[in-house]
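*Asks:* Chain residues, written in single-letter form:
Number of protein chains: 4
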Amino acid sequence: MTTRPRSGRPRRPGRPREEATEQAITAAARQVLADKGVARMSMEHVAAKAGVAKSTLYRRWPSKIELAVHAVAATFDEIEIDDHGSLAADMRAGIGEAARLLRDPSTGGAYAALLAESARDPDGVGRQVRESLSTRLHALVATSVERSIDRGEIRREMIDVDLLADVVVGSVMHRALATGEPDEAFVDGLIALLADVAYARLRRQQREADDEDADPT
Amino acid sequence: MTTRPRSGRPRRPGRPREEATEQAITAAARQVLADKGVARMSMEHVAAKAGVAKSTLYRRWPSKIELAVHAVAATFDEIEIDDHGSLAADMRAGIGEAARLLRDPSTGGAYAALLAESARDPDGVGRQVRESLSTRLHALVATSVERSIDRGEIRREMIDVDLLADVVVGSVMHRALATGEPDEAFVDGLIALLADVAYARLRRQQREADDEDADPT
Amino acid sequence: MTTRPRSGRPRRPGRPREEATEQAITAAARQVLADKGVARMSMEHVAAKAGVAKSTLYRRWPSKIELAVHAVAATFDEIEIDDHGSLAADMRAGIGEAARLLRDPSTGGAYAALLAESARDPDGVGRQVRESLSTRLHALVATSVERSIDRGEIRREMIDVDLLADVVVGSVMHRALATGEPDEAFVDGLIALLADVAYARLRRQQREADDEDADPT
Amino acid sequence: MTTRPRSGRPRRPGRPREEATEQAITAAARQVLADKGVARMSMEHVAAKAGVAKSTLYRRWPSKIELAVHAVAATFDEIEIDDHGSLAADMRAGIGEAARLLRDPSTGGAYAALLAESARDPDGVGRQVRESLSTRLHALVATSVERSIDRGEIRREMIDVDLLADVVVGSVMHRALATGEPDEAFVDGLIALLADVAYARLRRQQREADDEDADPT
DNA sequence: TCCTAACCGAGACGGTACGTCCTGTCTTATG
DNA sequence: CATAAGACAGGACGTACCGTCTCGGTTAGGA
Numbered sequence: 001m002t003t004r005p006r007s008g009r010p011r012r013p014g015r016p017r018e019e020a021t022e023q024a025i026t027a028a029a030r031q032v033l034a035d036k037g038v039a040r041m042s043m044e045h046v047a048a049k050a051g052v053a054k055s056t057l058y059r060r061w062p063s064k065i066e067l068a069v070h071a072v073a074a075t076f077d078e079i080e081i082d083d084h085g086s087l088a089a090d091m092r093a094g095i096g097e098a099a100r101l102l103r104d105p106s107t108g109g110a111y112a113a114l115l116a117e118s119a120r121d122p123d124g125v126g127r128q129v130r131e132s133l134s135t136r137l138h139a140l141v142a143t144s145v146e147r148s149i150d151r152g153e154i155r156r157e158m159i160d161v162d163l164l165a166d167v168v169v170g171s172v173m174h175r176a177l178a179t180g181e182p183d184e185a186f187v188d189g190l191i192a193l194l195a196d197v198a199y200a201r202l203r204r205q206q207r208e209a210d211d212e213d214a215d216p217t
Numbered sequence: 001m002t003t004r005p006r007s008g009r010p011r012r013p014g015r016p017r018e019e020a021t022e023q024a025i026t027a028a029a030r031q032v033l034a035d036k037g038v039a040r041m042s043m044e045h046v047a048a049k050a051g052v053a054k055s056t057l058y059r060r061w062p063s064k065i066e067l068a069v070h071a072v073a074a075t076f077d078e079i080e081i082d083d084h085g086s087l088a089a090d091m092r093a094g095i096g097e098a099a100r101l102l103r104d105p106s107t108g109g110a111y112a113a114l115l116a117e118s119a120r121d122p123d124g125v126g127r128q129v130r131e132s133l134s135t136r137l138h139a140l141v142a143t144s145v146e147r148s149i150d151r152g153e154i155r156r157e158m159i160d161v162d163l164l165a166d167v168v169v170g171s172v173m174h175r176a177l178a179t180g181e182p183d184e185a186f187v188d189g190l191i192a193l194l195a196d197v198a199y200a201r202l203r204r205q206q207r208e209a210d211d212e213d214a215d216p217t
Numbered sequence: 001m002t003t004r005p006r007s008g009r010p011r012r013p014g015r016p017r018e019e020a021t022e023q024a025i026t027a028a029a030r031q032v033l034a035d036k037g038v039a040r041m042s043m044e045h046v047a048a049k050a051g052v053a054k055s056t057l058y059r060r061w062p063s064k065i066e067l068a069v070h071a072v073a074a075t076f077d078e079i080e081i082d083d084h085g086s087l088a089a090d091m092r093a094g095i096g097e098a099a100r101l102l103r104d105p106s107t108g109g110a111y112a113a114l115l116a117e118s119a120r121d122p123d124g125v126g127r128q129v130r131e132s133l134s135t136r137l138h139a140l141v142a143t144s145v146e147r148s149i150d151r152g153e154i155r156r157e158m159i160d161v162d163l164l165a166d167v168v169v170g171s172v173m174h175r176a177l178a179t180g181e182p183d184e185a186f187v188d189g190l191i192a193l194l195a196d197v198a199y200a201r202l203r204r205q206q207r208e209a210d211d212e213d214a215d216p217t
Numbered sequence: 001m002t003t004r005p006r007s008g009r010p011r012r013p014g015r016p017r018e019e020a021t022e023q024a025i026t027a028a029a030r031q032v033l034a035d036k037g038v039a040r041m042s043m044e045h046v047a048a049k050a051g052v053a054k055s056t057l058y059r060r061w062p063s064k065i066e067l068a069v070h071a072v073a074a075t076f077d078e079i080e081i082d083d084h085g086s087l088a089a090d091m092r093a094g095i096g097e098a099a100r101l102l103r104d105p106s107t108g109g110a111y112a113a114l115l116a117e118s119a120r121d122p123d124g125v126g127r128q129v130r131e132s133l134s135t136r137l138h139a140l141v142a143t144s145v146e147r148s149i150d151r152g153e154i155r156r157e158m159i160d161v162d163l164l165a166d167v168v169v170g171s172v173m174h175r176a177l178a179t180g181e182p183d184e185a186f187v188d189g190l191i192a193l194l195a196d197v198a199y200a201r202l203r204r205q206q207r208e209a210d211d212e213d214a215d216p217t
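Protein chains in written order, with UniProt numbering: chain R, 1 to 217; chain H, 1 to 217; chain B, 1 to 217; chain D, 1 to 217.
For the record, the hints were derived by calculation from the structure and aren't laboratory data.
Be careful, since some hints might not be right.
Intra- or inter-copy, both count: the list cannot distinguish identical chains.
[To be verified] Taking lysine to aspartate or glutamate and the EDC-like style, the derived pairs with C-alpha atoms no more than 20 Å apart in a straight line are:
| no. | residue 1 | residue 2 |
| --- | --- | --- |
| 1 | 36 | 121 |
| 2 | 49 | 80 |
| 3 | 49 | 83 |
| 4 | 54 | 196 |
| 5 | 36 | 123 |
| 6 | 54 | 146 |
| 7 | 49 | 181 |
| 8 | 36 | 66 |
| 9 | 49 | 35 |
| 10 | 49 | 208 |
| 11 | 54 | 22 |
| 12 | 36 | 208 |
| 13 | 49 | 196 |
| 14 | 64 | 22 |
Note that the structure is predicted; figures quoted are calculated from it, not measured.
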């Protein structure tokens, strides 16, 4: 998912890549990443742990940072976005899932480190981080909102999904890394905050509807 | 401000530290940091640029990361927290200020990198990052809220300041690094969101007051 | 000439080797060798330049060093050993030819590098270098001497051809690589030296003949 | 002797180089060189064997090849050039010494490899090889000849020392590497050859003196 | 006409070493 | 005691090759 899929059928020439290798490397990278963080993760170490030559790493990823992105993406692939029946429940689940991921210092730290790297290279690393990582977290929120719109709970104009995603993910991440653990109380507080937003907007919508009723120009 | 002040009066023995040196190093560090980011900032380079021996750096900061924290703190010290007369205006100013700082990729990137480092060492680096950096950003929000409470606009129970600070800073940071620029529209959207929260909570408070009036059990 | 000829008649089964390939590889190898020297000549580069897969190289030569020997041998095959009518003239021509070859830094350097490799593996590489390279240079001197013996100019006992060959080739090579160019003066000096040897030996032989005449015991 | 001597007294600033280090590296390099030859000698291996960081090697020698030159020079420094009383005896000793050194495949091979490298870089490596290595071998012959001139055995015009040095060293080297061992017979043959040269030249000189006597124009 | 063995290209693979850069520590002479 | 200078051990980077291998596909002669 993080490397372009080998095109259809007409096999590329040359010896095909060892299937097991990518998995071994990914597993090793995730482990080293969790142990040491992005800065102290070393290609040498990952290669050794995966039982693979360093050149094999560089054949597949152009540099350490891309491998790190891939490894974190593999962790993010564990994200589950189930349907809980209502926006409130979905949001609670989504925020909880984000908190679960980012609360782990190794995952949260890795994500922050890669965002930092993105700042230095918005088109290269940055693009990959966005495509492979941020969108996965974004989906936690976006999917819930889409479902809610489908259900008729809210209307699309009421919410800017991108903004909401940045608010949720950013808040949780910053809490996890800067302030401390995004504990139960924090998650509850964040949900309450979003609930109030929803309340205000639904009410405003209601009022506008009433006005139209009363004064059908 | 980021290093413990030299103890009181009784001048320590030996040659005193060169006053100009610290500023030269700080300036050099900020510049290198902006150019290269935390990961690629090197003590060697900073020392050369400051015209100072590497040992002088290590005499004042125990390691590269502490120097980086110091350099970013120096940047954050430019933050201004003026009184704009109302919570709304103060919040708008605070969010704008945060956006201004974090929108600069070098500052935003550095902050993220140091948060990432915090994850690996919550008690050492983490404590310093919290004390020197996060609190400065936190103050952008906290000061506004405190003033607003003093003015009687809102009541303390209505808002969890820590939560609000994480929401504001985290949202802006994530937007800056992951999604793109925290542009005018984003800032407006975030303010609208918070305004709705305030609306909902003020209204709820109002209703509770009415109920008490109507039925003073 | 440097690879064992495909055995007699009963054609080996399977697709026959592409005729043009060997020449393309040899040409590419000679060129890369001239550009970079033995140490920096790479199979990868030769294959690319010859428009051939690396495996094709290894199918024909067991390792880089054997290919290098082959390539240098191809250069040495340009040697011409004409009959100039007298030992003196033949020697002058032979030394000149040796100087011409070894003066080119790429050829001289390659020969020295392969001699160095010989020292590490006298039976493998060493044997091939002797058979393919040293004998070719040796022939420059040996042929002249043989012709001279045939002509009756000198007698076989007067000269150790192997020694003479080492003296001529070694002197010219060392001059070319260590001291500088084996220029005209050097070649003249070497010839004068050998002429003096011939003078001394002919005179001694003459005297012995006189003695026998005078005192036919 | 192969690195520029630290200038006079006014000690250079900074921590002085560890005295023992250079010797440890030199010893390790000589050993690895003898075991593996120039091509397979690795900085990694030398550093490990010397108990020293690789960076220390590169601080003192710009690349592997320079270290190899230094190591071979250290071996060549064992050369002893005693006075044996006559040109014949000195030459015999000199040739024997050259044969002793170059007969060892590791030394002979290393010298050839470095000459090969010289061909690729006459001004850099080449200059160092000439200054550090070739001149040492050259001295074996030159010193003998100088002494002989001082003794009055021969006259300076009779011999081109540079030529003679190339002949002796080149012959012995080529014999050692290409043909086989420069055994006793070879050394004897080479000496006989040079003796004949001396004979011819002394005789010619004698004849010229006689002519002048007989016909003092 | 097929079969089979060897050829060929492409490129993955495990290794090894290179030379560079940086960290944090140290040793020295000088202020 | 601070400072400049720079040596030092250690470690990782990313690059370049080596020689081996595994594919799909090609090209003969012999069955």
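*Asks:* Tell me the hint numbers this structure goes against, listed in increasing order.
*Replies:* Structure breaks hints 2, 3, 4, 6, 7, 10, 12, 13.
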